[in-house]
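Undergrad: Here is how the chains run, residue by residue.
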Amino acid sequence: MILKRYGAGLILTFMILFLLTAMLLLSFQDGPFDGGVFLWGVILAAVIVLQYNILSAVFKHIDRITLLIADFLCIIGFVMLYRMNPEAGERQFMWIVVGNIAMVAALIIIKRVRDFGRANWWFMLLGILLLGITLVLSTSQLGANNWLKIGPFKFQPSEFVKVLFLIVTAYFLSTRQRKRDMWPYFLFTIACVGILVLSTDLGAALLFAGTFLIVFYVGTGNLGITLLSIGAFAGGAYASYYLFDHVKTRVEIWQDPWAAYEGKGYQIVQGLLAIASGGVLGTGLGNGMPTSIPVHETDYIFAAIAEEFGLIVAVALIAFYLVFIVRGILIAMDARAKFDKLLVFGSTCMLALQSFIIIGGVIKLIPLTGITMPFVSLGGSSMISSMMLLGIIEGVAQKNGELDEAELAEMGGGIE
Amino acid sequence: MKKKNAMNKHMQGMLAIFIAMFVALGSYLTYSMVTYGDEWFSTSYNPRISAARNIADAGSIYDRNGTRLAWSEGDKRQYAEDGDMRRAVSHIVGDVHGKSLGAENYFAKYLYGMDKGILDKLETGSRGADVYLTIDAELCRYIYNNMEYNGAVVVMNYQTGEILASVSAPTFDPSTLGEITPEDEEGSEYLNRVTQGRYPPGSTMKILTTAAALESGVTGMEIDCSGSAVIGGQKVTCPTDGGHGHVDFTSAFERSCNIYYAYLSVELGGSNMLATANQFGYNYEFKFPDFNMLKSNFEVSGESGDLAWAGIGQYTDLVTPMHNMLVSAGVANGGTVAQPNTLLDVRYGTSSIYDYSTAQFRSIMSAGTASTLAGLMRGTVDHGTATSADIDATTMNGKTGTAEFVENGQVKNHSWFVGYSQDASHPLAIAVILEGAGYGSRYATPLAGQVISKAVELGY
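Which chain is which? The protein sequence lines are R and C, in order.
The numbering used here numbers the first residue of the first sequence as 1 and each following residue consecutively.
The numbering used here numbers the first residue of the second sequence as 417 and each following residue consecutively.
Hints listed in this document are in silico derivations from the structure and should not be mistaken for laboratory results.
Any given hint could turn out to be false.
[Unchecked claim] To give an idea of the chain C side of the interface with chain R (calculated C-beta under 7 Å), a few residues:
#: 1; residue: 438
#: 2; residue: 456
#: 3; residue: 565
It should be emphasised that the depicted structure is a prediction, and the values quoted were computed from it without experimental measurement.
Every residue, glycine too, gets a C-beta built ideally from N, C-alpha and C.
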């Protein structure tokens, strides 16, 4: 136990060193030392050190590795955003703080509740309403089709519906045995995916559909309905290839982005060029040209990081996501209640699919669908929802640990 | 309890799938960067190169003998004073506007010091490195002055892979680039025909067909050539009036009898021919470190008439001059082709940061096949179609080619010669193509002889 804690603390020390070194480098970016830049690094370091120490003192059973990976992803995202646009970095700092609060709130709530019971019906209604209002309002304001503006605040409802969707999924799959009792859930899923497709938010649609398939299969073991759903989604994808021009374009530019360089392929080509320009070791922080990549603050931040930190760090990030996923699934397998199991598993799946879809799209392994990179991309909605998923995972980890402890105590043992 | 275990089992299964997905992400990223990274980096689409083009700090480009080909004076890029030399090397040197990709683009990371770390920059300043090319600018100028047609000439040391000359015509003058008006541009002068021009190989393809026959032991065929024959419903002709008469394996090669080779290709069969072509590097995406090069094309349709034409370098066969030169370099080097390179050295001041090394591209035929082909190519120069390449300076082996193409409804002929000096003290391989000039034996072949004589005179 002591060794374990010491090991994780050492990782934290290295992460803080990374953050401070990077910010020190950036404070020399425009000539003489700019203390203000370095101060941002110190403040974020303080926030993360506090967060880690308080959380591991109060909830001693949370999974420290997942927490540290999420923190590191936040750090590298913050550094990259600050380097490209200090103002964006400062905003991201705020979202990291707000995200942490959301994470702790989710942790505490999940630790206490059993399955939200009747509230799930309200969650479903709220989810559909949020997505529906966005669809209706966005058709009047062209372009931004997955944003909702309320006063000075702009947010992406689909990010929050993700959390609702996972809770509803876990609720129905854990409380209903018979398939015919699940029809409200099926309708809810179809409605969510349908509205997202209509809002041309293909990335989110893919995410919801994929998560449904995986969690449904794991939760019920019903291969028949799973295969039927895969067929339906495949059919839907096939039909949308012919129905929607933008789907067809996506696939065409994926096959040969160079041919469409002047048009739709521009973004993919610029992303690949950026990664290629970084090489194995990267150009070094501040030496590349990541701002020449379109949407470098959100969808394409992976290419920006790969350019300046190199292939090694890019591959390491992929490995970090994988470790996060492995830990998440282990926590799900360890959970006692079926609801907790499926909720953690669903949250992990969603983060896994999301990071796979965006990284795979940027490196041209799969067709690109715009979606944020969890914990890294600039954006409040995405940061808060990713942090809530982390909170869910940690809440169940804490529950597992407490139950282990109770079981041990019952058996007459104790913790050394 | 049983249900829970089943669920955990499914979760384990999904975990395995996720692991596979993320391993695929990492592997694909690494694979694509290792394979295409350099090529993508040096495309003209990369805004980093033009942004890093701090002309004032850029290094200079020299040929192998230290002749200065490009350098910076203040914010202006200067090119060789000698106008003919400047034009002769313009494709291999390239230009700072990225119109023609050459050393200015492929070696930008050295020229602009983009490979330097922060510590290096503190030590040596931000000036880029000087780049030394394998070419001899004097030999390039000689070639340029003696090319009477559009086309390409490339000469390589077949033992080391150093490209000694690479000239593409029409050419452009990098010193006036950006000032010329669109009316002055012919349109294709920026194209480096050596690596980006794809031509039907014509009779030079008979080297490949011969290699296929030798490796399968089909060398006993003899025919009487009357000048034309119908194979698979398609008429194949020899340009010689009345045909070649009685020809066997040796005389068919030396006298370049189309009908013999058309029958031979059909006898060998499509899959055999395709396998040999793939072995030669046709349909292969070349990934040379120093330059980009288009793929050569060879395909079979299943029609024997198409195969007959493919075996004599027509049908859909296409080859770049560089690739055709590499084929003769393979024959010269006992079947093994050295990887062609254009970068000889990179220096910061007097200290070199690059080591030239000879790498093997691939083995395209057995040593025995190469040795028999060498004899046939010697005979071709000695008493066959390529006697005008029989020079005093060294012993030449080679093969002529006349490749038909249709332009504005008229049938014209590209004039080809590929060959090499068999003298190991002058290890030179060459390919010459003159667009629309006419018979290979009459135009490309004598030029190849002149070029090799000049190269030997220059000490190669």
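Undergrad: Closer than 7 Å between Cβ atoms is the bar; does residue 456 of chain C clear it against chain R? Give me holds or violated.
TA: holds, 4 Å
Undergrad: Do the numbers back the hint for residue 565 of chain C, that is, is its least Cβ distance to chain R under 7 Å?
TA: Not OK, violated: residue 565 of chain C not within 7 Å of chain R, min 32 Å.
Undergrad: Regarding the hint that residue 438 of chain C lies at the interface with chain R, is the smallest CB-CB distance below 7 Å?
TA: For residue 438 of chain C, the interface hint holds, since the closest Cβ of chain R sits about 4 Å away, which is under 7 Å.
The structure shown violates just one earlier hint, number 3.
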